[in-house]
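Heads up: the protein sequence lines correspond to chains S and Z, in order.
Residue numbering for the first sequence is 1 to 274, as defined by the numbering used here.
Residue numbering for the second sequence is 275 to 671, as defined by the numbering used here.
The set of hints was computed from the structure by calculation and includes no laboratory data.
Idealized CB from N, CA, C, for every residue including glycine.
Any given hint could turn out to be false.
As the list claims (entries may be wrong) - When the alpha-carbon atoms are kept at most 30 Å apart in a straight line, the in silico DSSO-like pairs for lysine-lysine are as follows:
id, chain 1, residue 1, chain 2, residue 2
1, Z, K507, S, K118
2, S, K118, Z, K531
3, S, K118, Z, K572
4, S, K118, Z, K364
5, S, K43, Z, K281
6, S, K118, Z, K468
7, S, K118, Z, K361
8, Z, K281, Z, K507
9, Z, K404, Z, K468
10, Z, K505, S, K118
11, Z, K648, S, K43
12, Z, K294, Z, K334
13, Z, K317, Z, K507
14, Z, K320, S, K118
15, S, K118, Z, K334
16, Z, K370, Z, K531
17, Z, K429, S, K69
18, S, K118, Z, K404
19, S, K43, Z, K404
20, Z, K648, Z, K572
21, Z, K648, S, K118
What the hints assert, rightly or not - Each pair of labels, with its calculated beta carbon distance range:
id, chain 1, residue 1, chain 2, residue 2, range
22, Z, N412, S, I184, 40 to 46 Å
23, S, K243, Z, T313, 22 to 28 Å
24, S, I184, Z, N345, 57 to 63 Å
25, Z, Q510, S, R261, 37 to 43 Å
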Amino acid sequence: MINHHSITEYSADKQKYTENMFYDLWNSRELVLCFFLREISGKYRQSFLGYIWAIIPALTTVFAASYIKNNNIINIGNTDEISYPVYVITGITCWQLFSIGLTRTTQCLANSQAIITKINFCRETLVFAAFGESVFEFLIRIPLIAVIYVWYGICPTWQALYIPVVLFFLSLFTIGLGFFLTLINGVFRDLANSLSLLLTFGMLLTPALFSPSVSKLNYINPISTFVISIKSLAFDGTISNPKSLTFLCIISIIIFLTGWRFFRIAIPRIAERV
Amino acid sequence: MSEIILKVNNLSKKYCRDLKRSMMYGCFDIIKDALAIPTNHNKLRKNEFWSVSDISFDLKRGECIGIIGPNGAGKSTLLKMLNGIIKPDKGSISYKGRMGALIEVGAGFQPILTGRENIYINGSILGLSKTEIDRQFNNIVEFSGLEEFLDTPVKNYSSGMRVRLGFSIAAHLDPDILLVDEVLAVGDLAFQAKCRNRIMELVNRGTSIIFISHNMNLVNHLCSSVIVLQKGKAIQQLPSIEAIDKYKEICSNFVSKKMNNTGEVIIESIETFVNENKTNKLNPEEDLCVHINYNFIKCIDNPVFVIYITNSEGIHICSIRSNLDDVNFGTLHGKGTIEIVFPKINLLPNTYNLNFAVLDQDSFSMYCIYSNAKIIQVIGGHNVDGVVILAHKWNKM
């Protein structure tokens, strides 16, 4: 691993940001894993229920939403073709991959200020590791989803196997956005506070709990597009919105790459100021 | 000739004094960088200053260079640039191999995890692969002396233990170039000795070292040459002893003369003579003669003259009172001069301040106090820890 002959250069004039972006990440893969393990093993060590905390919020949301629906408190549109709890858990899980991922990535830079200003390492590993936490919690929820599907006797279509592909693009989208937000949050700490508000509101703009037909906003909101596609893949075996999904996947790649590049450009400037 | 392992060319870095403005400049710079608009880094914007300016030097394999300078001279900025944490505004750095840093060790510890887990995490952050840590693990633990506490969460460690663990990890990086910033003052004496030995071990193995410290004896012993920084500029790269003298001279200029008096007595000037020459530089073997030129505006009986010598850290080295020496000057009025001679000064090479006071014959009421009135520089002789050279004799029994 150690190369005693490699030459490193820092210069005011040369800008080497993209050339070695993937190479750097590959070299730091152990570090990503390490940060990821540090977070997840530290997080639940002082709790009795441990990892079960990853599914409790989703479960409560399902109960709350079912209660609201059964008592006709709000109009959630027509979701009759599928059992409502199944509908909710599918939507919520996808939404949480995004929302938890975005929250963690946004906070990661501010949380690691001590090492950023003192140690030179590949800083984007922090962002990837932070998103990894969200993926980890997502994976913990899968058995819960399986239980709910079985309970209600629903078998997803075979096209549901395409869902990971959609989730992959959702992840790129989230990480890309996270790159920008974590930089902003590194400087202005107000962002982390407003983000949780925005995400609560955002969940209501996304057809996680209700049918997409309830609001027109659902067709503009990028996360909705992902959620709608995943639901239609799981329940109908089709993609109800292929054009907008394709468009969004391309956008995701662009956001991911520009976010990453921008992060690399900005991080030395941030490190000298925080 | 050994190969040059680190090359620093015209390195400069500017900072902004004002936080809000600094953030604003930062945003502009990021946008400019992102859009690849060339920035004119030569110009200082409002409220900016050069923290490090136009520094060049080469480091050879196995060489040890010291960087000294008063606080705020840009030492840490320079080190952060070398370490790649911040980007230079001008100039370039290039080096071969791996750069390790002993700067603020222990950053990145996760308090809730155990020492064992933190060794792996911290090691990875510092750039070690898992296999390397596996290989070095026992050495790290042994070096830190924390075998018993390996499975205790780091939050229960004392601050000294944390630093020891941090240092032990960082010291096992096996770098080609090691940056050391004032960390040798950590832990208890036994651990400090260990740290020094470890650094010597690395030097003997061919690691090059850049060493920042305020401890001149360490600098002198470890480094072959020293860069003296002042206000971001490198004054010179000199052999250690000359550089240390230079540094002491700079530091002594920061000490300001201060005279307070009641208006009855004024010390007008202080003159120092060595071998009848008016100078303030002498070697430990020479005699120092000090002239106090006073002006007694009021007529005072038997005033007491006090002279005390302080070192650059402000510590009193000696005080001399004329009344304790049974010296009586009688009634003084108007201008005059008092002479005091120190035969064979016997102070170790350093910069010292002469301070004066004139007291009433009750040796309590003060007429005049003149602090840091004169600087004397003792040069030559040996650089060792301490202040004075006591007369001594060796015998084999």
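Verification of the hints:
| no. | hint | in the structure |
| --- | --- | --- |
| 1 | Z:K507 <-> S:K118 | holds (23 Å) |
| 2 | S:K118 <-> Z:K531 | violated (38 Å) |
| 3 | S:K118 <-> Z:K572 | violated (61 Å) |
| 4 | S:K118 <-> Z:K364 | holds (21 Å) |
| 5 | S:K43 <-> Z:K281 | violated (44 Å) |
| 6 | S:K118 <-> Z:K468 | holds (24 Å) |
| 7 | S:K118 <-> Z:K361 | holds (13 Å) |
| 8 | Z:K281 <-> Z:K507 | holds (17 Å) |
| 9 | Z:K404 <-> Z:K468 | holds (25 Å) |
| 10 | Z:K505 <-> S:K118 | holds (22 Å) |
| 11 | Z:K648 <-> S:K43 | violated (61 Å) |
| 12 | Z:K294 <-> Z:K334 | violated (41 Å) |
| 13 | Z:K317 <-> Z:K507 | holds (17 Å) |
| 14 | Z:K320 <-> S:K118 | holds (27 Å) |
| 15 | S:K118 <-> Z:K334 | holds (25 Å) |
| 16 | Z:K370 <-> Z:K531 | violated (48 Å) |
| 17 | Z:K429 <-> S:K69 | violated (47 Å) |
| 18 | S:K118 <-> Z:K404 | holds (21 Å) |
| 19 | S:K43 <-> Z:K404 | holds (22 Å) |
| 20 | Z:K648 <-> Z:K572 | holds (25 Å) |
| 21 | Z:K648 <-> S:K118 | violated (41 Å) |
| 22 | Z:N412 <-> S:I184: 40 to 46 Å | holds (44 Å) |
| 23 | S:K243 <-> Z:T313: 22 to 28 Å | violated (42 Å) |
| 24 | S:I184 <-> Z:N345: 57 to 63 Å | violated (33 Å) |
| 25 | Z:Q510 <-> S:R261: 37 to 43 Å | holds (42 Å) |
The structure fails hints 2, 3, 5, 11, 12, 16, 17, 21, 23, 24 (numbered hints given earlier, in ascending order).
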